[in-house]
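Residue numbers (this note's numbering), protein chains in the order written: chain A, 142 to 489; chain C, 142 to 489; chain Y, 142 to 489.
Take the hints with a grain of salt, since some may be wrong.
Which copy is meant is left open, because identical chains are indistinguishable; a pair holds if it fits in one copy or across any two.
Straight-line C-alpha distance at most 20 angstroms; calculated EDC-like pairs for lysine to aspartate or glutamate [said to hold, decoys possible]:
(1) Lys461 to Glu471
(2) Lys461 to Asp259
(3) Lys168 to Asp182
(4) Lys409 to Glu334
(5) Lys443 to Glu391
(6) Lys156 to Glu391
Rather than coming from a laboratory, the hints here were simulated on the basis of the structure.
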Amino acid sequence: MPKAMMHYTLGDIAKRLQAQLRGDADKVINGVASLHSAQADELSFLSQAKFRDQLAQTNAGAVIMTPEDAADCPVNNCLLLADPYRGFVNVAKLFAYCETETAGIHPSAIVGDAAEIDPSVTIGPYAVIGEGVKLAAGVRVGAHCIIGDYCELGDNTELKPRVTLAHHVIIGQRSLIHSGAVIGADGFGNLREGNGWGKIPQLGTVEIGNDVEIGANTTIDRGTLDNTIVANGVKLDNLIHLGHNVKIGENTAIAGCVGIAGSATIGKQCMIGGLTGINGHITIADGVIFTAMSMVTGNVSKPGIYSSGTGILPNRLWRKNAVRFRYLDETMRKLKLGVKSFNQTEEN
Amino acid sequence: MPKAMMHYTLGDIAKRLQAQLRGDADKVINGVASLHSAQADELSFLSQAKFRDQLAQTNAGAVIMTPEDAADCPVNNCLLLADPYRGFVNVAKLFAYCETETAGIHPSAIVGDAAEIDPSVTIGPYAVIGEGVKLAAGVRVGAHCIIGDYCELGDNTELKPRVTLAHHVIIGQRSLIHSGAVIGADGFGNLREGNGWGKIPQLGTVEIGNDVEIGANTTIDRGTLDNTIVANGVKLDNLIHLGHNVKIGENTAIAGCVGIAGSATIGKQCMIGGLTGINGHITIADGVIFTAMSMVTGNVSKPGIYSSGTGILPNRLWRKNAVRFRYLDETMRKLKLGVKSFNQTEEN
Amino acid sequence: MPKAMMHYTLGDIAKRLQAQLRGDADKVINGVASLHSAQADELSFLSQAKFRDQLAQTNAGAVIMTPEDAADCPVNNCLLLADPYRGFVNVAKLFAYCETETAGIHPSAIVGDAAEIDPSVTIGPYAVIGEGVKLAAGVRVGAHCIIGDYCELGDNTELKPRVTLAHHVIIGQRSLIHSGAVIGADGFGNLREGNGWGKIPQLGTVEIGNDVEIGANTTIDRGTLDNTIVANGVKLDNLIHLGHNVKIGENTAIAGCVGIAGSATIGKQCMIGGLTGINGHITIADGVIFTAMSMVTGNVSKPGIYSSGTGILPNRLWRKNAVRFRYLDETMRKLKLGVKSFNQTEEN
Numbered sequence: 142m143p144k145a146m147m148h149y150t151l152g153d154i155a156k157r158l159q160a161q162l163r164g165d166a167d168k169v170i171n172g173v174a175s176l177h178s179a180q181a182d183e184l185s186f187l188s189q190a191k192f193r194d195q196l197a198q199t200n201a202g203a204v205i206m207t208p209e210d211a212a213d214c215p216v217n218n219c220l221l222l223a224d225p226y227r228g229f230v231n232v233a234k235l236f237a238y239c240e241t242e243t244a245g246i247h248p249s250a251i252v253g254d255a256a257e258i259d260p261s262v263t264i265g266p267y268a269v270i271g272e273g274v275k276l277a278a279g280v281r282v283g284a285h286c287i288i289g290d291y292c293e294l295g296d297n298t299e300l301k302p303r304v305t306l307a308h309h310v311i312i313g314q315r316s317l318i319h320s321g322a323v324i325g326a327d328g329f330g331n332l333r334e335g336n337g338w339g340k341i342p343q344l345g346t347v348e349i350g351n352d353v354e355i356g357a358n359t360t361i362d363r364g365t366l367d368n369t370i371v372a373n374g375v376k377l378d379n380l381i382h383l384g385h386n387v388k389i390g391e392n393t394a395i396a397g398c399v400g401i402a403g404s405a406t407i408g409k410q411c412m413i414g415g416l417t418g419i420n421g422h423i424t425i426a427d428g429v430i431f432t433a434m435s436m437v438t439g440n441v442s443k444p445g446i447y448s449s450g451t452g453i454l455p456n457r458l459w460r461k462n463a464v465r466f467r468y469l470d471e472t473m474r475k476l477k478l479g480v481k482s483f484n485q486t487e488e489n
Numbered sequence: 142m143p144k145a146m147m148h149y150t151l152g153d154i155a156k157r158l159q160a161q162l163r164g165d166a167d168k169v170i171n172g173v174a175s176l177h178s179a180q181a182d183e184l185s186f187l188s189q190a191k192f193r194d195q196l197a198q199t200n201a202g203a204v205i206m207t208p209e210d211a212a213d214c215p216v217n218n219c220l221l222l223a224d225p226y227r228g229f230v231n232v233a234k235l236f237a238y239c240e241t242e243t244a245g246i247h248p249s250a251i252v253g254d255a256a257e258i259d260p261s262v263t264i265g266p267y268a269v270i271g272e273g274v275k276l277a278a279g280v281r282v283g284a285h286c287i288i289g290d291y292c293e294l295g296d297n298t299e300l301k302p303r304v305t306l307a308h309h310v311i312i313g314q315r316s317l318i319h320s321g322a323v324i325g326a327d328g329f330g331n332l333r334e335g336n337g338w339g340k341i342p343q344l345g346t347v348e349i350g351n352d353v354e355i356g357a358n359t360t361i362d363r364g365t366l367d368n369t370i371v372a373n374g375v376k377l378d379n380l381i382h383l384g385h386n387v388k389i390g391e392n393t394a395i396a397g398c399v400g401i402a403g404s405a406t407i408g409k410q411c412m413i414g415g416l417t418g419i420n421g422h423i424t425i426a427d428g429v430i431f432t433a434m435s436m437v438t439g440n441v442s443k444p445g446i447y448s449s450g451t452g453i454l455p456n457r458l459w460r461k462n463a464v465r466f467r468y469l470d471e472t473m474r475k476l477k478l479g480v481k482s483f484n485q486t487e488e489n
Numbered sequence: 142m143p144k145a146m147m148h149y150t151l152g153d154i155a156k157r158l159q160a161q162l163r164g165d166a167d168k169v170i171n172g173v174a175s176l177h178s179a180q181a182d183e184l185s186f187l188s189q190a191k192f193r194d195q196l197a198q199t200n201a202g203a204v205i206m207t208p209e210d211a212a213d214c215p216v217n218n219c220l221l222l223a224d225p226y227r228g229f230v231n232v233a234k235l236f237a238y239c240e241t242e243t244a245g246i247h248p249s250a251i252v253g254d255a256a257e258i259d260p261s262v263t264i265g266p267y268a269v270i271g272e273g274v275k276l277a278a279g280v281r282v283g284a285h286c287i288i289g290d291y292c293e294l295g296d297n298t299e300l301k302p303r304v305t306l307a308h309h310v311i312i313g314q315r316s317l318i319h320s321g322a323v324i325g326a327d328g329f330g331n332l333r334e335g336n337g338w339g340k341i342p343q344l345g346t347v348e349i350g351n352d353v354e355i356g357a358n359t360t361i362d363r364g365t366l367d368n369t370i371v372a373n374g375v376k377l378d379n380l381i382h383l384g385h386n387v388k389i390g391e392n393t394a395i396a397g398c399v400g401i402a403g404s405a406t407i408g409k410q411c412m413i414g415g416l417t418g419i420n421g422h423i424t425i426a427d428g429v430i431f432t433a434m435s436m437v438t439g440n441v442s443k444p445g446i447y448s449s450g451t452g453i454l455p456n457r458l459w460r461k462n463a464v465r466f467r468y469l470d471e472t473m474r475k476l477k478l479g480v481k482s483f484n485q486t487e488e489n
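Model the full assembly from the supplied sequences, consistent with the hints where possible.
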């Protein structure tokens, strides 16, 4: 990792974590790292027994571990905690790099009429802020961001450089949007006109809750009449597409390259694997987990883990099986098997 | 939806739609909404019988419906039309929000030498327009757009904020490109050089027709020698990738996250579901429909609906079936079934 | 292709290619094109016998071909080479269009403190360069690029317009990054906190080697502690997602819309087809080829070609087979077949 510019003593870190310190309280820590790459001025952690033998080799200046693991531990400086990884994450936050930015509104930023910008807001170079935009306390707008007319951002929400919000988008508090994300573009609404298509105007907007994170180059389209909604605590990875009027429930996490078609409703606490596709106008219950590349074509009413597709095979073997797939039904009918079970297991 | 700033009387709207008015012609309409969310100053519509019972509950100030549905309708103000939804879409256009923008060329925009910009063109802040670019009457270029050298945009084409066009890209009339789209980047052309790759220069460009819509963060690569072509009336959703020398036929609509590899030719009037993958150097006939996540590895010569993949199952059931897939061919051979049918159905 | 602005005589081109010239050395060539579209002032090539009959129809002013093909060739001006296509690629480079750009640093670009910019560097309009950034000789930074604090770019690396690099990203020499790419955004790191998620800080960065090409709107996330690594000679197409701590080996080529989850390690010389998904924390050997839309859920230890999924079928036939998939295991168990072979072929 790039060398951080912060420094803490081990004693200070122990206090912040309420961890038991074993070793030199005055030891200066300049960063955090994994056991295998940590240097003498860095703090590491041991969270799983399988990494235990790395302790002998590590150059880390100190290690967070459980009291049990500390028993016969070769490392001199230890911080003892019941959950070393969680403790480590909290320490890591101390060393996160903060981009240098001019406080206040950069002179090159353009701010529209009747915008309400809290004095504590930071706006980067070449940002373009529309008419009637409201930016609450502690909001940070990166370089080259575009915020359309009448958008509203809640306290301490951050837009990384080059985020695009179309007009009237609403974002809550403490949310973080990464570079290249486009929020509020028109939904894909087309009406047959002869052989071609007429445009269905997209009059809704996008409502994003508190503590939401949205990944790089992800797109969330505005609703047709009602709004597209991303609830509190939702985490979206990169290159995700949410169609118009999609609703994502609280604390659902979605991995990269997922596509969710218009008017699909996803429950709370769901986890959706990468490259999964979800059809429009269907409903997914709370607590559903889709493994990567799932093909979701209908409602899912019960929580649980769902999967689809088949894993890779050597190409020649795959080819033989794939061509047989087209005869699966025909073959099973000839076998006169599986019909009874069809009814039995239908409810799954 | 965000409150619009336009107002029309019901009588005025009836005239525009050539709809029969039943009720108060002076009733003022401030927006449009669905039956369940419409307020007393908004217009809604009834397009399907299944929503008929919502009529009793709706607060809408007026509703568009068929004369039949109007028979014993509880709503006082109605507009009667044979196709209520189409009528509604036309009204909705009246209420579409227009971003405030300085007319003409924003002083911060940079325009290259020998550019031909019609006086009616609007160019937003920080746009960068290359040498010899031609922008026809009514073209609108959003904030932060980049238009490479010698691009040509036809009448009334609009680039939303932050669209990137590389050099020599040609776009027709009335087309709409959404934020983050990148048109004319180099195609993925690599030539073996030892263990590595040499770059094949991409000397073609991209030609986009009239009335094309291109979604947010979609990418369309330039051709290697000839051009990549998107014909009139094509509608592309978000996060789509079109490789070099792809050709998309008139009025084809493509949903989000689709990938089309180099030199594939897609016919007219096709509909391609989300996350579908289409191999390079193949040809798809006019009028083909692929359902979502289709895997298209060869030519398709007949119109029709095509699909692939298998839908989700509970994970444990899926796991058992997926592992069996590798023995499909072996099992069928042992069964000595399906061979005759193989020949019979091959032409499908 | 757009008309180039360069002109060469056939004799000059012959010298550069060390090709044998047959015909008029003074013939002026203004561009390159395929046999079917070439005009009288353009150079074309014949690389495969199957295109041989196009020679009679071509209007090309000259054609590159093998001495064998030249025997009874109707074209007057020929350049004779053992590998015509490779020769053609080298000529094509002579005609590649170069965007007009102001040399040096555009006055509208913003450069942070303590940046080290070689005098030969070109920086386009509205670029924003952070603190302590190092740009080596011949680096070209396009309009609207954002380069975060302490990034380092090696000799002759080029960022096309609108590339975003977060802080501390390192890129080698002669690499080319296309518009919309976002390199160094936070990895998708979330830690359970009650029903919700806490953010795991992403303290690593991204290291990109020499001669790497990265496509439009592709995203490469920074590492959590160690770095995400893209080795020398890697070629990435558009709209690819590389998660945190992914490692891509030398000269691997990845097609569009591929998603690779966190901490996956991909070998050297691999080729990965479009829309392939690769799970996190797995290892893929050198020389592995995945066909398009492969679903990769585990380690791959041997080089070779691997595939998954099933191709499209007419929708009604597909539907029948797809529903049968759920009974595959049950049916095979009833048949009491395939078990022995299961063990036999397991090692594949």
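These are the hints, each one checked on the structure:
When the C-alpha separation of Lys461 and Glu471 is checked against a cutoff of 20 angstroms, the pair qualifies both within a copy, at 17 angstroms, and between copies, at 9 angstroms. For a Cα distance limit of 20 angstroms, the shortest separation of Lys461 from Asp259 qualifies neither inside one copy, at 65 angstroms, nor across copies, at 58 angstroms. When the C-alpha separation of Lys168 and Asp182 is checked against a cutoff of 20 angstroms, the pair qualifies only within one copy, where the shortest distance is 8 angstroms, while the shortest distance between copies is 69 angstroms. In this homomeric assembly, Lys409 and Glu334 come within 20 angstroms of each other (Cα to Cα) only across copies, at 15 angstroms, whereas the closest approach inside a single copy is 38 angstroms.
Taking identical chains as interchangeable, the C-alpha atoms of Lys443 and Glu391 lie at most 20 angstroms apart only when both belong to the same chain, with a minimum of 17 angstroms there against 42 angstroms between chains. Proximity of Lys156 and Glu391 under a CA criterion of 20 angstroms is satisfied in neither setting, with 33 angstroms inside one chain copy and 45 angstroms between copies.
Of the numbered hints stated above, those contradicted by the structure are hints 2, 6, listed in ascending order.
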